[in-house]
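J.: Protein chains in written order, with my numbering: chain B, 40 to 371; chain C, 527 to 939; chain U, 61 to 194.
Just so you know, these hints were derived from the structure itself, not from any lab. These numbers were taken from a predicted model, which means no experiment stands behind them. Every residue, glycine too, gets a C-beta built ideally from N, C-alpha and C. Please note: incorrect hints may appear among the correct ones.
Covered stretches of chain U (chain B as the covering partner; in silico rule of three or more C-beta atoms under 8 Å from a C-beta of chain B) [claimed, not checked]:
1. 67-73
2. 79-91
A few chain B residues that don't get close to chain C, going by computed Cβ distances all over 12 Å [as the list claims (entries may be wrong)]:
3. Phe51
4. Gly142
5. Ala221
6. Ser262
7. Trp296
8. Val309
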Amino acid sequence: MSYEDWMVRILFVLVLPFIGIFLGLLYKGFDRKITAMMQARIGPPIRQPFRDVKKLFMKENIVPDHAVPWIFNAAPFFALLAPLVALVYLPLGPFEPVMEGYGDLILLLYLLAIPAVAMAVGGLASGSPYATVGAQRELVLMMSYEFPLAIAAVTIAWKYESFSLATISSTPIWGQVGAMGAFGLFLIVIGLFAVLPGELSKVPFDQAEAETELGGGLFVEYSGRNLGVFYLSEAVKMVVVGTLLIALLFPHNLSQWYSFGGPEFAGYVVLNVVADVLFFLLKLLIIIFVGVSVVRVAVARFQIDKASYFYWVPMTLLGLLGTVLVVLEGAI
Amino acid sequence: MSDKDTTYQVPIGPIHPALKEPFMINFRLDGETIVDAEAHPGMNHRGIEFMGMHRNPLKVIPLSERICGICSIVHQHMFTTAVEHAAGIEPTNRARYIRTIMAELERIHSHVLWAGVAAHEIGFDTHLHFTWKVREKVMDLLEYIAGNRVNYSMWTIGGVRRDITEKMYPKVNETLDYYESLYKKLEEIFLGDPSIRLRTKDIGILTEEEALRLCGVGPTVRASGVKKDVRIDQPYAAYGDLDLDYVIPSRYGYENTGDVFSKTLVRLKELVQSIDLIRQCVDQMPEGDIDSEPKKAVLLNKLKKADGEGIGRIEAPRGEAFHYARLKEGQEELDCWKIRASTYNNLTTYAPMFMGEQIADIPIIAACIDPCIGCMDRAEIVEINSGERYSYTHEELHVLSVEKTKKILEGSL
Amino acid sequence: MPTSTIYTLIKQLLTKKATNPFPVKYTPNNMHAAASLIESGDLTINPPVELPPDFRGKLSYDVDACIGCQLCLKVCPAEALVFKSEERKVKHYVSRCTFCAQCANICPKDCFEMTEEFLIAGLDKYSDDMILNP
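Turn these sequences into a full structure, and let the hints steer you where they fit.
T.: Following this line, the structure appears as structure tokens:
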């Protein structure tokens, strides 16, 4: 790899976290506004999450007497760092991932598990009974949704015979399967969309926070800067999970079907890249709308045992059925 | 596994999102399962009865409204009934009907509000917003009739202060039609939605025997199949003239299980019943005055001369509630005023309902009796010197009441 | 699946919102600055909902008609009325009023009337417009 290549990569690694945080907060704003509109409310302005973060960072950071201070303070940063690192391995719209290797997908799955673990550790370290219950629930939930997620990832990787996201996102998977495989993939899409609210701790899978039950659960003792960092972590995680879904299943670019202007036009390349980026942002918005906003206004919070059952039995079976269909088609 | 005690304690309250008012329940949990629950009331004592005993009855009416924000009609209704009973004043016939209409409108508003709170407790905020949006309609009607949205100031001793005239009927009918058409949707949401059914079916079961033993009141016990309704058992206002029946689940082809689902069902069906009752009232509304003593100065004199005690016992949206008032001759202020709100009875039903359920069910079970701590907290015992809170045990209370009875018998009180 | 719920929700995305935008749609950053802007007329507020008939707002008091019979003091639950013995008139603290209108009912000379004014919040409860007949 050339010297320039490395410089560009370092530059991207430095810039990406800011882009990730910005996009995360922006989509959080969209999510809140859309949710409010669906409930016939006016809702907060789109920039409300930015204000929230600003305010949280201005507030006093309180560490409770019963807490283990260093774990309590470190947990939010681990929760934020993991999705930011994950961002580096993800293809954002028309751009190739900044870093790539042989086991990207597996690394990503682990990076996505870190925030949940960090939240649970932080909750346990805060020494409040509510946070302890919340931490237990978060771990149970994590163990439940990881399985359908892993099944989906493995199936797609099997089809490509590669765990590299760059390979997977270079060609959309839908073109490589027949009718039976497409149906199998459809089941896997359902499974992935079911994982989305669990991964992002949104209703119906927000048992770990459960405002009316535990009064904030994991975050009950967090305040000020620490809570702000958790807030950012949640926002970035939303972008990361959405982008992962796009990379696995819908890596289409607008320029595949239609290109603006011809080679004779000077800004031709730039224009197409901008169009692709906008198309990517639109895809992300649709995924967040369908997977998060609509779901969280249309159902009630589950009890923890029922949530766990939902992932372990129906969703796992659905995923396995999808896998079998995809694999069978490949074998025929 | 060792036989070590694996339970731990989680206090819910006095300030907690599951509770809308200060109140505390101490839970002993084993994992996610509740093994013991202990309620500690007394955080919302405002000394209202004491304040009432330093004012004349007319001043107490607006005060009684403010015992509770949701059932403000209930408390002024009970208070005025108690004072009328004590002073021997009869409300006019038309006033009885207007009182009934207002009380039923408030029942609609209270039940719709409760449905929203219940939806919020199970994490379904969409229906919280939906029900509170549709509740505005009945609030508008109450405002149209009474002049204000929450504290209506409608009641006076001997009648009501505002009439429901012919001119108002179209608006009343329009609102009733609106709720009639809405009922189907509410039923579809609260009885049909799968995720709500998952959270309410077989949760917080109160058996008929427990309901009777613990003296629960209102929709809480009617859901278990107990036929208990003051409006039928001891009619007041205009209920004696109206056609109504006990709302219990078995009347509508459901089982009297007493779980949260049947409590929701009973409240929704009472909504329909209330609409029906208001229609009957509007049809049979008698002509005449709305107030038996429009000259308030004369009334105050009459009350000053009155001597005696009276009770007001009505069916609030939450169940039977009760006011006791005593007037003394030559004394303007109330001699005694005692309030017993429905939540006081229903609180005891928590114990069997919580046992064996999960943490996740705490909010919805806590909400299913529609608790109103502001109504309930009438006394708190605090050690003056140390500021320590104290509660009497059953035995101590027994000893105290035996002593008091002795004193009364001896005539020394 | 709660399909009908989802259908309703998507429909509500496009219909009119139930939130009452009175007085402004979004809370301003600086309340006091916004309040003074409204006072000077530089900022228009959304109109409030229509008032019901016989709404009970701020009390108005006809000082000349008052005969000083003190009946209103007997029924005021909040003790917002205070008798001025040298003048033989009453003084009304708006901040204490509970808007029950019992004084207006009992007054033999009808010198009390409930106006439709309800935007009466202020910073100083002893200012001139918060006390009638100071």
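J.: Which hint numbers doesn't this structure obey?
T.: none
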